[in-house]
Amino acid sequence: MIEVRGISKRYGDLQAVDNLSITIEKGHIFGLLGPNGAGKSTTISMMCGLITPDLGTVQLNGEKPTDKATKHKIGLIPQSIALYEELTALDNLSFFADLYGLSAKTKNERMEWSLQFVGLQDRAKDTVSEYSGGMKRRLNLAASLLHDPEFIFMDEPTAGVDPQSRNKLFESVLELKDLGKTIIYTTHYMEEAEKLCDRVGVVDKGQLLALGTVDELIEQHGGDSSVNISSEQGEESFMTANPVNDLMARLRELTTVDNLSLRRPNLETVFLNLTGKQLRD
Amino acid sequence: MRAVIALMKKDIKLLFKDKMAVFFTFIFPLLFAFFFGSIFSSSGGAQGLKVAVTDLDQTEKSQVFVEQLNEASEFRVTVTDEASAKELVRTGKQVAFIILPEGFGENYGGIFSGEPPEILVGIDPARKAEAGYLEGSLMKLGIKRFELAFSDANEMIKQLDFSIDDIQQSDDMPAEWKSLLSDYLPKFKELTEQELAKQPDGAGSTGLNFGSDGDNPMMPLKITKEEVMVQKTGPRNAFSITIPQGVIWAIMGCVIGFAISLVREKTLGTIDRLAMAPISRTQILAGKALGCFAAQAMVVTMLFTIAYFILDVRFDFIKLILAVLAAGICFVGVMMFFASITKTEQSVAGMTNAFLILMGMIGGAMIPLFAMPGWMQSVSHISPVKWAILAFEGAIWRDFSYIEMMTPLAILTAIGLVTFFIGTRMLKLKQA
Numbered sequence: 001m002i003e004v005r006g007i008s009k010r011y012g013d014l015q016a017v018d019n020l021s022i023t024i025e026k027g028h029i030f031g032l033l034g035p036n037g038a039g040k041s042t043t044i045s046m047m048c049g050l051i052t053p054d055l056g057t058v059q060l061n062g063e064k065p066t067d068k069a070t071k072h073k074i075g076l077i078p079q080s081i082a083l084y085e086e087l088t089a090l091d092n093l094s095f096f097a098d099l100y101g102l103s104a105k106t107k108n109e110r111m112e113w114s115l116q117f118v119g120l121q122d123r124a125k126d127t128v129s130e131y132s133g134g135m136k137r138r139l140n141l142a143a144s145l146l147h148d149p150e151f152i153f154m155d156e157p158t159a160g161v162d163p164q165s166r167n168k169l170f171e172s173v174l175e176l177k178d179l180g181k182t183i184i185y186t187t188h189y190m191e192e193a194e195k196l197c198d199r200v201g202v203v204d205k206g207q208l209l210a211l212g213t214v215d216e217l218i219e220q221h222g223g224d225s226s227v228n229i230s231s232e233q234g235e236e237s238f239m240t241a242n243p244v245n246d247l248m249a250r251l252r253e254l255t256t257v258d259n260l261s262l263r264r265p266n267l268e269t270v271f272l273n274l275t276g277k278q279l280r281d
Numbered sequence: 282m283r284a285v286i287a288l289m290k291k292d293i294k295l296l297f298k299d300k301m302a303v304f305f306t307f308i309f310p311l312l313f314a315f316f317f318g319s320i321f322s323s324s325g326g327a328q329g330l331k332v333a334v335t336d337l338d339q340t341e342k343s344q345v346f347v348e349q350l351n352e353a354s355e356f357r358v359t360v361t362d363e364a365s366a367k368e369l370v371r372t373g374k375q376v377a378f379i380i381l382p383e384g385f386g387e388n389y390g391g392i393f394s395g396e397p398p399e400i401l402v403g404i405d406p407a408r409k410a411e412a413g414y415l416e417g418s419l420m421k422l423g424i425k426r427f428e429l430a431f432s433d434a435n436e437m438i439k440q441l442d443f444s445i446d447d448i449q450q451s452d453d454m455p456a457e458w459k460s461l462l463s464d465y466l467p468k469f470k471e472l473t474e475q476e477l478a479k480q481p482d483g484a485g486s487t488g489l490n491f492g493s494d495g496d497n498p499m500m501p502l503k504i505t506k507e508e509v510m511v512q513k514t515g516p517r518n519a520f521s522i523t524i525p526q527g528v529i530w531a532i533m534g535c536v537i538g539f540a541i542s543l544v545r546e547k548t549l550g551t552i553d554r555l556a557m558a559p560i561s562r563t564q565i566l567a568g569k570a571l572g573c574f575a576a577q578a579m580v581v582t583m584l585f586t587i588a589y590f591i592l593d594v595r596f597d598f599i600k601l602i603l604a605v606l607a608a609g610i611c612f613v614g615v616m617m618f619f620a621s622i623t624k625t626e627q628s629v630a631g632m633t634n635a636f637l638i639l640m641g642m643i644g645g646a647m648i649p650l651f652a653m654p655g656w657m658q659s660v661s662h663i664s665p666v667k668w669a670i671l672a673f674e675g676a677i678w679r680d681f682s683y684i685e686m687m688t689p690l691a692i693l694t695a696i697g698l699v700t701f702f703i704g705t706r707m708l709k710l711k712q713a
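Each protein sequence line maps, in turn, to chains V and C.
Heads up: the first sequence is residues 1 to 281, going by my numbering.
Heads up: the second sequence is residues 282 to 713, going by my numbering.
Hints were generated in silico from the structure; no laboratory data involved.
These numbers were taken from a predicted model, which means no experiment stands behind them.
Treat the hints loosely; a few may be bogus.
If you want the footprint, here are the derived chain C segments under chain V, 3+ residues with CB under 8 Å [stated by the list, open to error]:
1. 295-304
2. 558-566
3. 651-657
Derived EDC-like pairs (lysine to aspartate or glutamate); straight-line CA-CA distance at most 20 Å [stated by the list, open to error]:
4. C:K300 x V:D126
5. C:K298 x V:E85
6. C:K300 x V:E268
7. C:K294 x V:E150
8. C:K425 x C:E363
9. V:K26 x V:E130
10. C:K290 x V:E86
11. V:K205 x V:E150
12. C:K290 x V:E85
13. C:K300 x V:E85
14. C:K294 x V:D98
Where is the CB? At the ideal position from N, CA and C, for every residue including glycine.
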């Protein structure tokens, strides 16, 4: 279990994270959503011990993430492709495995497993610079799984990858969940969070704006459904909190209906309702 | 320690993957040392061997020989007294001394009798190549005394009269030889006089043809060698100067390469992976430092191996190891410092290049320290390159004692420790 209690981090005048608290259950996939500059990466960096919070605490199974023993339980997939492009995939994995002090036998087994897990076993001897963006992302994931971590922090792992590689990454994340791993996942893509995450936290300007399951968030922050009807009386649309009942009532009043659409709120609506529509570049 | 070794191995592997880095770290320094060493060596050779000549005989013949030495392109002659000549060679300012002892002129003229003219040559026994060259060149000059004798018929007749008298008066010549020469030389004189009579007036000095010099079994010169223990106050050869300079270029290549690689860890994000591993920041930085040090040690070993076996550079092994260690510490610290104060690969490359080239210019990596004007030698004190070159030269040709080695070694180590401490401290603060 991960317990984050009131963590804050300031860089000069910028309050990157402000009194943020989250509890993540073992074996869950937790999604951290937010616009650019919301504080997602800073939060994840504090959760995995890469950055020390100014205030607050982070505990992984009751231990600090910076403890040497706890570090063996953490896997970080950075936002950037944190690999040595001049080296082969095998060289990269071998080097990162050595940092965790794996025995030769375990190291070979884990390297083989990781490459197979991300579907790169056939390209293991190629230099990373020859890989496509999607393959690099997958190897980036493999390099973080060598030491069989219990907590896996993924910072926008699907940024800039093709649909096939993205799909493979989704499958990998769900497989890791099946293996009992606890996963913290930051993303811009709402459909990823809807598809993968057990619970979601929305952050903006360093603050946690909402926390819950996808359904809970839609219910709490999604707003009304949008109904659009085209009939002999022309086009009409309205917003309603109870779309089924209101739609049925309206249809009883009409003799013919040419077109009908009902748009329920989703996570994107929640996101825009919470963080606004202003551009964040 | 396993993680530190893994870091070092990874960085060395990355270094060898970068063809430009390999060129500037391993090939360029060798080319530099070889190119400039060859230029300096060949220009020295073209000016001839530097010899000190002492004429103790002071006869017409000995003066002719000294004049021939002066005119020969193989030599650069300094005429001086015996003591000065020996001192010049002992102190390494001249390659060899040549002393013409008393009696040289008398024997120089004797063709058919007496002893060959003797000269005393003193040279450092280690300079085998120069000794061989010197002996050959002197023999070539010695042959000229035969040319002198045989090319002038009047001179020849004079020599024959002198030799006939000498043979008649000789007590120790075997009777058979005495009989043969007493019969042969007067006939030879008679023949020469007849030939001379046939020549137009004044043509006697143009010479007579008696066959080639190669048929004459007599020695042109008798060379007595004397080994001189040279006081080593100068470089053994030009490579002794250019190899330390090449080593500095190699070390600078390593520093730039590793500073860039450390900054690249930050820009790529691999530093986060390293920081997430169950190793301390000190271990991470130690791995980087060890990688840089190991690369330096490899290239220095390569250069000095080539220098020893191919370029005839000699050094004190222990002092050289000390110099390599101290220079390694110094430049690893410099690498760490520049990697800590820059954020991008471009800025670290630009800043490190600018700093090291400036330090190299004033520190003797381009112009040898001893060739710099006095004011520049004073300015060079601020350059770590100067102290590194001084340490290497101390082990190669300056013949530093261990006490003398202490100054450059201590300065290099101090620079290294201070810059390493500041660099690691700043890197730590940035990561916090």
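>> To test your reading of the hints: which numbers does this structure violate?
In response: Numbers 3, 6, 7, 8, 9, 11 - these are the hints that the structure violates, sorted from lowest upward.
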